[in-house]
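Each chain, letter by letter, is given below.
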Amino acid sequence: MSDLLISNARPYGGDAVDLLVRDGVVTEIGRGLDAPDGVEVLDAGGHVLLPGFVDLHTHLREPGGEESEDVATGSAAAALGGYTAVFAMPNTDPVADTAVVVEHVRRRGEEVGLVDVHPVGAVTVGLEGVKMAELGTMARSRAQVRMFSDDGRCVHDPLVMRRALEYASALEVVIAQHAEDHRLTAGAQAHEGVVASRLGLAGWPATAEETIVARDCALAREAGAALHVCHVSSARTIDVLRAAKAAGVRVSAEVTPHHLLLTDAALTSYDPVHKVNPPLRTGADTRAMREALAEGVIDVVATDHAPHAAQYKDTEWAAARPGMLGLQTALSVVVHTMLEPGLLDWRGVARVLSERPAEIAGLPDQGRPIAEGEPANFALVDPDGAWTVRGAKLASRAANTPYEGMRLPATVVATVLRGRITTTQGEVRS
Amino acid sequence: MKHLLSVSDLDAAAATGVLDTADRLKQALLGREVRKLPTLRGRTVITMFYEDSTRTRVSFEIAGKWMSADTVNVSAKGSSVSKGESLRDTSLTLSAMGADCVIVRHPASGAAHRLAGWVDRDHATTGTHTSVVNAGDGTHEHPTQALLDAATLRDRLGGIAGRRIGIVGDVLHSRVARSNVLLLATLGADVVLVAPPTLLPTGVEEWPCRVAAELDAELPALDAVMMLRVQAERMHGSFFPSAREYAIGYGLSADRAALLPDHAVVLHPGPMVRGMEIAPSVADSPSAAILAQVSNGVHVRMAVLYHLLAGAPE
Chain A
1 MSDLLISNAR PYGGDAVDLL VRDGVVTEIG RGLDAPDGVE VLDAGGHVLL PGFVDLHTHL
61 REPGGEESED VATGSAAAAL GGYTAVFAMP NTDPVADTAV VVEHVRRRGE EVGLVDVHPV
121 GAVTVGLEGV KMAELGTMAR SRAQVRMFSD DGRCVHDPLV MRRALEYASA LEVVIAQHAE
181 DHRLTAGAQA HEGVVASRLG LAGWPATAEE TIVARDCALA REAGAALHVC HVSSARTIDV
241 LRAAKAAGVR VSAEVTPHHL LLTDAALTSY DPVHKVNPPL RTGADTRAMR EALAEGVIDV
301 VATDHAPHAA QYKDTEWAAA RPGMLGLQTA LSVVVHTMLE PGLLDWRGVA RVLSERPAEI
361 AGLPDQGRPI AEGEPANFAL VDPDGAWTVR GAKLASRAAN TPYEGMRLPA TVVATVLRGR
421 ITTTQGEVRS
Chain B
1001 MKHLLSVSDL DAAAATGVLD TADRLKQALL GREVRKLPTL RGRTVITMFY EDSTRTRVSF
1061 EIAGKWMSAD TVNVSAKGSS VSKGESLRDT SLTLSAMGAD CVIVRHPASG AAHRLAGWVD
1121 RDHATTGTHT SVVNAGDGTH EHPTQALLDA ATLRDRLGGI AGRRIGIVGD VLHSRVARSN
1181 VLLLATLGAD VVLVAPPTLL PTGVEEWPCR VAAELDAELP ALDAVMMLRV QAERMHGSFF
1241 PSAREYAIGY GLSADRAALL PDHAVVLHPG PMVRGMEIAP SVADSPSAAI LAQVSNGVHV
1301 RMAVLYHLLA GAPE
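Protein chains in written order, with this note's numbering: chain A, 1 to 430; chain B, 1001 to 1314.
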């Protein structure tokens, strides 16, 4: 636990204040605070102070995919992106479907210590969609798993999904669904539409997402269980979510930064850096995502940070693995697509990147208000710090960013985890 | 022209230029006892086929040989590809061996685009400026097929602008259809697609053509009809109930062919499934230009190699 004085920071973009942190907790907020002896001072330079971000959807690739990312490089990317907690998806090798694997991931996160790494457990053994994994054992393990998902694959069998939701409701954990009816997406390579038809890429129809979300909302309603919908990509899915929420279903939803900003128009180069699942869709879809996020029908932004080493991406389109980096660009994309057009203010940014994700996952010590007595988890943001994205300079082991060469607004200038500075000025502090 | 990856690389003038060169090469070879032109002597042309093909690969090989190029054929079977080598490494290897042209067929849409990007990016390292020709990539394009179809239509109809051309069958999975719609539209033809809705791509309404449901209603006004191949695996994908019902709705039977005007031309990119998409008597009738398509294919591919490797003639 650490002591720290943060001077001249603007919480949520408001008036400048100083914050004194003792043992990782904010003890005093005011003007002209003095640093007690031996307490480090972080000069916030009048930048915007937000609660540390929480990512419900990260692929850290460890164990088994260390050529693309590991807990250390992924944690560094997260901290540099302003994150203080990430949820590591279970599609590793071996799959995180037992207490042994989730405890290993949790421990690796603690050893690295840059960000709270919360393992997501698999819903079914081996992500096979057939036999329920030991959700209770994982939930009660040292890893304290609070979210389960077969992400990358859909829990397709309606009976398996029903049982998982029912079982999860007693554990007070959330089932996060990768909503994709694989019977409708056999061989799919791109959003089913004008661009894919011209490029000769087999289509991933929006209905494959919409129908699974509708089904799962019905199942969650019946089970009284908490359902989280991963990476919503289609405008039609939003209509389903809106209706389900109005009916009182315990459903939450995330959108990725790339589905807020990018469209399938980028596919004409056939460069698989733009290949992702669900696929980049149309401009009408990105507009609908932004509006739904502002309205709250979509609760949070989650990165779906998916590093892939060059050999998995520098191939023909069909052979490439789907996924793109996201942790270090998420805030900038949210500022560009939501804050700049006035769809969200800084309070809203804090809500979608920190508060709601912590709430959905049931984290008591993250996504908290910036107030006395609260844990000192912060992202300090320079709203005027535009920067040019270079994949090779990002902290991830892989470089598969779709924003290569793009100029994006806002820079994370420091991240604080329980009063300890994890990054400043784009450098990790070990 | 550096590569031929898509017919969208060609505007009307460039496409007409290739067709004119093909005509001249055809005339140049007509009177010759030895069918060989010295144009590409010393140039190396490699065909790299990741899918089975007889007519396209042989056609390119003959085109290269008649132009005196050194031609080498690589197939995915029995090469490093079967040992798991990436497409990028294979293409750079061939480029480093001095391939002036790589002709690629690949089951992935966009493979030729990727290949061209790789050999361009690394040409300083490989030491060779390699041109890439797309000989069919997935369900995307097959530009030389569209050029040879255009050459055949020009021969038979005296021109393409203003002619009405029907394309019938599995448009969804057909690279031949994509290339033909684009090229024929560029050359001023009026293109009509006829197919069951399950075999039309989402977004086809944005293509430069019209879509019709009823083949019989279109036939009397067509100057040419192009029958697409129906691949065997489509029969089991619930795209249509049965081969019989497909043939009844979309096959070019003798009765149906009689609805065409006398001057109309029947095309098929081959290989044909006789009795399903086309009746044997129609395929063998004088209105069919199917074998002319094959022989024009050699001249068109000679012209493409000529334009890529020797520069467009003045």
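Heads up, some of the hints might be wrong.
Some chain A residues flagged as far from chain B (calculated, every beta-carbon gap over 10 Å) [claimed, not checked]:
1. ALA318
2. LEU339
3. GLY348
To give an idea of the interface, some chain A residues facing chain B are shown, with a C-beta separation under 8 Å as derived from the structure [to be verified]:
4. GLY193
5. SER197
6. LEU199
7. LEU201
8. GLY203
9. THR207
10. ASP314
11. TRP317
12. ALA319
13. GLU340
Derived DEER-like restraints, expressed as beta-carbon distance ranges [to be verified]:
14. PRO1280(B) <-> ALA310(A): 50 to 56 Å
15. GLY187(A) <-> SER1086(B): 17 to 23 Å
16. GLU128(A) <-> GLU1205(B): 39 to 45 Å
17. ALA294(A) <-> SER1253(B): 31 to 37 Å
18. ASP1216(B) <-> ALA294(A): 20 to 26 Å
Hints are computed from structural coordinates only; laboratory data are not their basis.
Built from N, CA and C at the ideal position, the CB exists for glycine as well.
A quick look at each hint next to the structure:
no., hint, in the structure
1, ALA318, "violated, 4 Å"
2, LEU339, "holds, 33 Å"
3, GLY348, "holds, 35 Å"
4, GLY193, "holds, 5 Å"
5, SER197, "holds, 4 Å"
6, LEU199, "holds, 6 Å"
7, LEU201, "holds, 5 Å"
8, GLY203, "holds, 6 Å"
9, THR207, "violated, 11 Å"
10, ASP314, "holds, 6 Å"
11, TRP317, "holds, 5 Å"
12, ALA319, "holds, 6 Å"
13, GLU340, "violated, 31 Å"
14, PRO1280(B) <-> ALA310(A): 50 to 56 Å, "holds, 52 Å"
15, GLY187(A) <-> SER1086(B): 17 to 23 Å, "holds, 21 Å"
16, GLU128(A) <-> GLU1205(B): 39 to 45 Å, "holds, 40 Å"
17, ALA294(A) <-> SER1253(B): 31 to 37 Å, "violated, 59 Å"
18, ASP1216(B) <-> ALA294(A): 20 to 26 Å, "violated, 53 Å"
Checked against the numbered hints listed earlier, the structure breaks hints 1, 9, 13, 17 and 18; every other hint is satisfied.
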